[in-house]
Each structure stands twice: as C-alpha cells, then as structure tokens.
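From first to last, the protein sequence lines are chains A and B. First residue of the first sequence: 1, per this note's numbering; consecutive thereafter. First residue of the second sequence: 1, per this note's numbering; consecutive thereafter.
Hint data in this document are derived by calculation from the structure and do not stem from the laboratory. In this text the structure is predicted, and so the values were computed from the model without any measurement. Wrong hints could be hidden among the right ones.
To be verified - Taking lysine-lysine pairs in the DSBU-like style, the calculated list, with each CA pair at most 30 angstroms apart, reads:
(1) A:Lys28 <-> B:Lys593
(2) A:Lys104 <-> B:Lys624
(3) B:Lys591 <-> A:Lys28
(4) B:Lys593 <-> B:Lys610
(5) B:Lys370 <-> B:Lys418
(6) A:Lys33 <-> A:Lys79
(7) A:Lys104 <-> A:Lys52
(8) A:Lys28 <-> A:Lys104
(9) B:Lys474 <-> A:Lys52
(10) A:Lys29 <-> B:Lys591
(11) A:Lys29 <-> B:Lys593
(12) A:Lys33 <-> A:Lys104
Now for the letters of each chain:
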Amino acid sequence: MIRNSIAIVVLAAATLAAQSAGNAENGKKQFVKLGCYTCHGYQGQGGGAGAKLAPNPLAAAALIAYVRHPAGSMPPFTKKVVSDEVLTDIQAYLASVPAPPPAKDIPLLNQ
Amino acid sequence: MAKSKDTPLARRGFLKGAAAGAAAGAAALVAPAKTEAQESTQRAVAVPPTAAQRAAENSTASVAVQDIQIVERPGADYMVDVFKSLGFEYLFATPGSSFRGIHESVINHGGNSNPEFITFTHEECSAAAANGYAKIEGKPALVCAHGTVGIQHAAMAIYNAYCDQAPLYVVAGNISDAAERRGRVEWLHAAQDVAATVRDYTKWDDNPASLTHFGESAVRGYQIAMTAPMMPVVLAADGVLQEGEAPKEFDWRIPKLPRISQPAGDSAAVAELAQMLVSAENPVIVTSRSARTPAGLKLLVELAETLGAGVIDQQRRMNFPSRHPLNQTQRSRALITSADVILGLEVYDFFGVVHTLGGQVSVVPRSLIKPGTKLVSISSSDLFYKSNYQNFQRYEDVDLSIAADAEATMPALIEAVKRLLTDDRKQAIQARAAKLAQGSHQALEQTRTAASYAWDASPVSTARLSAELWAQIKNEDWSLVSDPFWVSNWPLRLWDFNKHYQFIGGAGGEGVGYLAPAALGAAIANKKHGRLSVSIQSDGDLMMANGVLWTAAHHRVPLLTVMHNNRAYHQEIMQLQRVANQHNRGVDVDKCKIGTEIANPNIDYTMLAKSMGVQAEGPISDPKDLSAAIQRGIRVVKGGDPYLIDVITQPR
Chain A
1 MIRNSIAIVV LAAATLAAQS AGNAENGKKQ FVKLGCYTCH GYQGQGGGAG
51 AKLAPNPLAA AALIAYVRHP AGSMPPFTKK VVSDEVLTDI QAYLASVPAP
101 PPAKDIPLLN Q
Chain B
1 MAKSKDTPLA RRGFLKGAAA GAAAGAAALV APAKTEAQES TQRAVAVPPT
51 AAQRAAENST ASVAVQDIQI VERPGADYMV DVFKSLGFEY LFATPGSSFR
101 GIHESVINHG GNSNPEFITF THEECSAAAA NGYAKIEGKP ALVCAHGTVG
151 IQHAAMAIYN AYCDQAPLYV VAGNISDAAE RRGRVEWLHA AQDVAATVRD
201 YTKWDDNPAS LTHFGESAVR GYQIAMTAPM MPVVLAADGV LQEGEAPKEF
251 DWRIPKLPRI SQPAGDSAAV AELAQMLVSA ENPVIVTSRS ARTPAGLKLL
301 VELAETLGAG VIDQQRRMNF PSRHPLNQTQ RSRALITSAD VILGLEVYDF
351 FGVVHTLGGQ VSVVPRSLIK PGTKLVSISS SDLFYKSNYQ NFQRYEDVDL
401 SIAADAEATM PALIEAVKRL LTDDRKQAIQ ARAAKLAQGS HQALEQTRTA
451 ASYAWDASPV STARLSAELW AQIKNEDWSL VSDPFWVSNW PLRLWDFNKH
501 YQFIGGAGGE GVGYLAPAAL GAAIANKKHG RLSVSIQSDG DLMMANGVLW
551 TAAHHRVPLL TVMHNNRAYH QEIMQLQRVA NQHNRGVDVD KCKIGTEIAN
601 PNIDYTMLAK SMGVQAEGPI SDPKDLSAAI QRGIRVVKGG DPYLIDVITQ
651 PR
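Bound conformation, chain A alone (with noise of 0.2 angstroms):
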C-alpha cells in the first residue's frame, strides 16, 4: 500500500485565476470522465460533496500541486491517474464556465 504524504501547498500567490493553455472543451470531457464531477457538480459549482472550483478556477499550477496532494477527504489524483496536461484543460475548461448573475439579482435568492 502506497500511502501519500501530506503535502502542504502554499496557495495563497495562485488563487487568483490564470488565463489556461489548455483545451477547455477536453477538459469538460475529461472533468467528466474522471468523475471531477460527482463531488464538485458538472459546472464545478461545488456543494455538499466538494468544494467550489468555478467560476474563477485556481490556476493550473496551483490546481495541479492541489489535485495531487488533496486536503480532506478529496482523494490524490497522481500522474499516473491524470496527467498535467489533461489537468491544465479541466483547469481550462473551469475557466470558460461563466459567472453567474450576482445572487442579489436573482429573485429568488433574496427571498
């Protein structure tokens, strides 16, 4: 049994979202096929399950360092499972997810 360790990953400098080199419409099939979407929703809305990755994704790099050495219950994806480029194009496709109306504007949000 291969146990990961724990990695600590300073993030702070790499929230901000990075315009991708990926291929964002692969990286909506592969967001899927990996089951990214099972925790996270299929726009990576977040929720009970996971937490929000989209809209203003993480930038590659810091999704990356993320996805392989997970906090919580998220499970390690390693280069064996998914390899950088496939994650620079979820990266890239969480980035082409569009933000939605600011919840004031939305009535029924504010009921």
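Using the hints provided, position chain B relative to the given structure of chain A.
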C-alpha cells in the same frame, strides 16, 4: 408445552360436535352457532360449515361433525382497548396472519378508528413511516409486524429509529404454542423469542403470556418508549391470546399510563454549568436532537439569547430557527476553534464536533479546540447504552457529562444562568450577540452566492431546485419531511425554518430506504393539521421503498414529492473513486458506474407514481420548468392527494 386449563383456548365456547345419529341432531349443532353469531355481531367469528356439516344438514346419513368454536370475548378486543387507551391514531402495517386477531378487532371492535389501519407494502415502510410520524406528532404510531418475516423486514427501520431516538411501538404477532400452529407456514412464522432479532437495537421488549400481562406490558412499553432517550419497544402478541376467549375472571382492566416527566439534570451540575457558561468569553452551543417538542425549540432560543451564545445546529431535529442571528451553523468551524466552553445538547458525536478526521487512508484525527476549552454534555444517550451496534460514536474527553434530557434540563439551566448575570456580563453578552449576528448575516449572503453557481445548469442544480421549491411554499403552512443532506442541505441553508414541525431530521442509522416512508409517515401526521408536506426524495431511497406511493394514493395522504434524481447511488460513486485513487489506479466514470448507477434504463418515476395512483409529471431537466410544475403539484396536494415531480438533478 402443556396447555393450561387457564389458557383462553381452554375457555373457548365449544359447541360440542358428535357423531350425529340423525340429521336433526346434526342440524341442531349448526343452528345455535348461527343464532349466537347474529346476536353478537361485533365479536363472534362464525366458522363456515364444513363439507361434513353441510352433508349432515342434507342427509340422514350418520357423519362426523367438527366442533364449532365461537369466541365471545377475544383477547384481541382487549388488546385494541389497551391500544386505544394509549392514544394511537394509526396502525401502520402490512397484514400478516400472526396478528390477524388484532387486525380483525381493530376493524370490528375498534371501528378502524384510533387506531386506523394504514396499509403498507413492506414492514420496513410501516416502521420507517412510524419514525417520521413520531417526529412530527411527538408520540408513536402503532406498528404491527408479522412474526419472524415481518419483524425481519422491519428491522432496518427499527434500527434507524433506535439511532434516531424516536419512539416506535412495534407489536409482533407470534404463535408461541407449537400445538396451536396450523401447518407448515405458521411454524415458519413463529419464533421462540420473536423480538430477539431486533433486541440489539430496541429499548425494551416483552412476550406476554396472558392478557393481564399484555395490558401491563403494553402500557409499560409505551412509557419506556416515551421516556428519554425515546426508542423503539417491541411487544409480542401471542396468536392464541389474540384469537382465543378472554378468561371469564379477567377483569378487562386497562393499566394507567402515567404522565411522564422526563429526566432532568441534577441541580448541582446545572449550577456548575451555568457558572461556566456565564463566565465564558466565547460559549458555543451545539445541538443535535435537543428539541423533542416545540417547547424545546423555544427553550433553546431563550438559552442562546440569554447567553448571547452562538448555536451550531446539527439538525437531527428542528432545534433552532435557521435565520436566528445566533444560528452559526454555517460558521461552525470558526466558532468551535475560538470557543472556551462548548455545551453539547443531545449531541450524538461530540468527538466529531471538536475534531476533523484527516488522513487519506487511515483516520488521523486532529483537534479543533483551543487548549483548556471546557466541554459539557447534556444527553439522555448517557442513560441508555447497548453494546453491539456502535451508534454511540467515538469517546470524547468531556469535562462534565450530565446524563439527562436536554429539553427537560433547560428551564433550570436558563434560570441558573439568569441568576448569575451581572450588568457587566449582560453588556458583554450583548456585544457578543451583535458580533455573531453580523457573522450570521454574512454567512447567509455567502450561501446565496454559492447557490447562484450553476444556476441555469441542466441537470438542475440542487440549490436551484431548493430555491424554486421555497418560492412556492414559503407562504404556506409547510413542513419539510425529508432529509436535505443529499441535496447539500440547501433548504436548511436557504429557507426560513422557525417552527418545530417544519423539519424532522434524517435517518438515525443512515439506512437508505428511510426517507420515502418516513416522509409519508410525517405527512400522515401533518394531514390533520392541514400542513403542506414536501419532500425532496432521493432516487435510490425511493427504489427501496416505492410501495409507499401506493399507500399515499390509497389513503389520500397529501404529500408533494420532488425527486432528486441523480440516477445513481451517488454516495457510492464517490466512495469508489476515493478507493480507486488510494490504490493509485483511478477509475473513469464509466467504470465508476458499475454497481452504482440507477440508469440504463433510466427509471421513469412519473410512470412509477402513476401506476400506483399518484399524479405525477416529469422528468424535468430545465430549471425554468420547475416553478410551474411545483405550482401544479401544490394545487393537487392542497386538494388532499399526493403528487410527484421527477427532476433530473446535479449529483449533490
């Protein structure tokens, strides 16, 4: 087992048969039976004439005639009178021959009223429905289960109720006397100890051997079930006792059910706790099932406001108003890490409150609290433990454990706190409450922003579904009768819950197959109050118990069911993926679906509901279609019938 001369069977009114020497003699044996049956239409069970008797009536030949047994005062009538005295409104059951005596007496002796027989298609459904009913009504429904087979079907729901501290009252039919079992099936459905199979997760059971014994145990069982910690009890109802004649000397006395005073904490411990809370800079209250009744909710509001303490609601009951400024459920981590005193009220997992369970493979707990933080528990769970099932959770180093019912203890605690408050402390409390209110307001705004993500997505986001439903029910007298955990708790985060009946928590034992029948049971309880019962129903759960749709239609239970149809046992998809990654193999989504998807073919819940007499529509995958569908559903439900809307949703 030798038959006692005192057994009811020995006292049955026998019409002695004989080898008739003449047709006249044979006819005379039948005629009195008819007369007696007519004279006591409410109780007598007329036995149809046998072929031999019919032959005897029509022939002068000498034939053997069976004994005719007429029971004038069946024991089951007494049992039903006892049930009536206990105030049961409903009997939830799938019929079974081992309690047919009670069944018949409920109808003929009891008039099918208080209790009224509600037909379920599975004993797990009837028991789970009683769990939901109890959490709305605050008392048990009567559940009858067929010996051995029925009690085993009911077992999972009984376990859920046991973990949920809900009072269930289960009567298990059984024929104890081997000599009285009619053939193969009654042997298969009889047990030496019929309650044994559920004894690990019931509070008490008994196997009465006489009607006097039954009456006392029936009332005792009710008292036990309704004393905190409230839990299921099982009472065996012997088939011979039910169907046989009550002994002539039996006085039909129904034992008195006392008013039940719940166990409150001792005064010294309460005074010590009050001092700790008043002296604390950051006291936090964590509640799980503290509000047994509407009074419990009001008491917790008073305690929190008196202390200016934040409340973290683990929401196993409707404990605290969701939009109260002191409700800090969405900020629980911040409060726990800064607390100097944490009071747990009926918290079932205190360890989980003050720890995170990290570690990718093995569990690595990490404490969340500051050194020196005092932990105090008021819990009736400490009054009753069993060994085998591990529902008691991991041990936590609590500083003061008050083994008592939290709701019953709160009045004394509130008074003790008030006595200790000085003007200085009152000012500090006001300042703290204002700060907490600000945090609560910000948390609600953050929740609304979170709900806006994927707002127009298809499949429908669970936040959108919840917001659409809230828009249509908020001006009704509503009651959410499902566990919203499966939809990321959006209703609890977005809706304004402030009445006790507006929420009932979830399955105590996290056993799937609870939600649909519990929702129905709660809706049955809500019916007489005219409340609009709504349920957000997971697809996997419904498939374990979809017969409740028929029950809802048959008994006209007004319940709006909105499907959370993610077409999977979705929790297990996530579990599978986690393990695959731990094994460094990964698993793509197609493989993840092996053994977890509820698709291919997709289940048509609309057709399923309609096939059982429930009006339905869907599937809906465009959120823009939700509003009109919900409005149509509410119209039907307000007319007194169930309605189902199938919605294709995001996973969580």
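To see whether the hints hold, each was checked on the structure:
1. A:Lys28 <-> B:Lys593: Status holds; Cα separation ~19 angstroms.
2. A:Lys104 <-> B:Lys624: holds (19 angstroms)
3. B:Lys591 <-> A:Lys28: holds (18 angstroms)
4. B:Lys593 <-> B:Lys610: Distance of about 28 angstroms is within 30 angstroms: holds.
5. B:Lys370 <-> B:Lys418: Roughly 27 angstroms between the alpha carbons, so the hint for B:Lys370 and B:Lys418 holds.
6. A:Lys33 <-> A:Lys79: Roughly 16 angstroms separates the two Cα atoms, so the pair holds.
7. A:Lys104 <-> A:Lys52: Between A:Lys104 and A:Lys52 the Cα gap is close to 19 angstroms, so the pair holds against 30 angstroms.
8. A:Lys28 <-> A:Lys104: Cα-Cα ~29 angstroms, so holds.
9. B:Lys474 <-> A:Lys52: At roughly 28 angstroms apart (the allowed maximum being 30 angstroms), A:Lys52 and B:Lys474 satisfy the hint.
10. A:Lys29 <-> B:Lys591: holds (15 angstroms)
11. A:Lys29 <-> B:Lys593: The given pair, whose Cα atoms are some 16 angstroms apart, holds under the 30 angstroms limit.
12. A:Lys33 <-> A:Lys104: Between A:Lys33 and A:Lys104 the Cα gap is close to 34 angstroms, so the pair fails against 30 angstroms, i.e. violated.
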